[in-house]
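If you read the protein sequences in the order shown, they are chains A and B.
Each residue of the first sequence is one higher than the one before, starting from 482 at the first, in our numbering.
Each residue of the second sequence is one higher than the one before, starting from 352 at the first, in our numbering.
Hints listed in this document are in silico derivations from the structure and should not be mistaken for laboratory results.
All of these numbers come straight from a predicted model, not from anything done at the bench.
Beta carbons: idealized from backbone N, C-alpha and C, even for Gly.
Careful: at least some of the hints might be erroneous.
[Said to hold, decoys possible] What follows is a set of in silico ranges between Cβ atoms, one per label pair, in the way DEER data are often shown: (1) B:E438 x A:Q495: 23 to 31 Å; (2) A:L521 x B:M396: 16 to 24 Å; (3) B:D416 x A:D498: 49 to 57 Å; (4) B:G367 x A:Q495: 46 to 54 Å.
[Unchecked claim] List time: in silico DSSO-like cross-link candidates among lysine-lysine, alpha-carbon distance up to 30 Å: (5) A:K523 x B:K415; (6) B:K392 x A:K503; (7) A:K552 x A:K518; (8) A:K549 x A:K503; (9) A:K523 x B:K371; (10) B:K417 x A:K523; (11) A:K552 x B:K417; (12) A:K549 x A:K585; (13) B:K365 x A:K503; (14) A:K518 x A:K503; (15) A:K503 x A:K523; (16) A:K585 x A:K518; (17) A:K585 x B:K417; (18) A:K538 x B:K392; (19) A:K539 x B:K365; (20) A:K585 x B:K415; (21) B:K371 x A:K538; (22) B:K365 x A:K523; (23) B:K415 x A:K539; (24) A:K523 x A:K585; (25) B:K406 x A:K503; (26) B:K392 x B:K415; (27) A:K523 x B:K406; (28) A:K539 x A:K518; (29) A:K585 x A:K539; (30) B:K417 x B:K365; (31) A:K523 x B:K392; (32) A:K538 x A:K552; (33) A:K538 x A:K523.
[Unchecked claim] Simulated coverage check for chain A against chain B, where a stretch passes if three residues somewhere in it have a Cβ under 8 Å from a Cβ of chain B: (34) 488-498; (35) 510-520; (36) 546-554.
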Amino acid sequence: GENVEQHPSTLSVQEGDSAVIKCTYSDSASNYFPWYKQELGKRPQLIIDIRSNVGEKKDQRIAVTLNKTAKHFSLHITETQPEDSAVYFCAAIHSGNTPLVFGKGTRLSVIA
Amino acid sequence: GAVVSQHPSRVICKSGTSVKIECRSLDFQATTMFWYRQFPKQSLMLMATSNEGSKATYEQGVEKDKFLINHASLTLSTLTVTSAHPEDSSFYICSAPGGGLGEQYFGPGTRLTVT
Numbered sequence: 482g483e484n485v486e487q488h489p490s491t492l493s494v495q496e497g498d499s500a501v502i503k504c505t506y507s508d509s510a511s512n513y514f515p516w517y518k519q520e521l522g523k524r525p526q527l528i529i530d531i532r533s534n535v536g537e538k539k540d541q542r543i544a545v546t547l548n549k550t551a552k553h554f555s556l557h558i559t560e561t562q563p564e565d566s567a568v569y570f571c572a573a574i575h576s577g578n579t580p581l582v583f584g585k586g587t588r589l590s591v592i593a
Numbered sequence: 352g353a354v355v356s357q358h359p360s361r362v363i364c365k366s367g368t369s370v371k372i373e374c375r376s377l378d379f380q381a382t383t384m385f386w387y388r389q390f391p392k393q394s395l396m397l398m399a400t401s402n403e404g405s406k407a408t409y410e411q412g413v414e415k416d417k418f419l420i421n422h423a424s425l426t427l428s429t430l431t432v433t434s435a436h437p438e439d440s441s442f443y444i445c446s447a448p449g450g451g452l453g454e455q456y457f458g459p460g461t462r463l464t465v466t
């Protein structure tokens, strides 16, 4: 089955700097890659996603890149703000009715 | 967007008792729902897939007789933790597929504490 690896497990950046989180997946059939932000005690919140037919997607300060050949995808957050501090999870899935496979998460701390 | 609710949001029970958690899709039908468990500072781990009208499928290592799943209708799935023990204390989250190519809608989660 699918296996998703995520790095780093913790990341501290100064406010205004960029943060990058990387994930790799094992199943070449996976075709949807969402990123979630989770605050303590809350449900995961979808912040951006990318499908396998696209190499890059951007939404304001957040972008995701996908390299299908290498089977890795990355989350980029620019101009980080303290409210970006949270745990971020990547995930992969290969069809609409199958469950998400999550990475282990990255705890991002943005230091003011 | 689609809304998934969960009840209760928080429950404390004594060891040996059973607890039922409900997951509802409020404005759409869900023939499939997923149940995840999340221990502190860990990722979401799939426990089981709930299928309306048929038996749930459980992930390896998840005891089907301990974690009873019933998908009673197209909008309701329930997870019952039977004979709960302190090690079952966790954050339980359900989700339902959105009908697209992978979007899923998460419930708000249930914090279970077994004393």
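Exercise. Mind listing which of the numbered hints don't hold for this structure, in increasing order?
Key: Going through the list in order, the structure violates hints 1, 11, 13, 19, 21, 23, 25, 34, 36 and respects the others.
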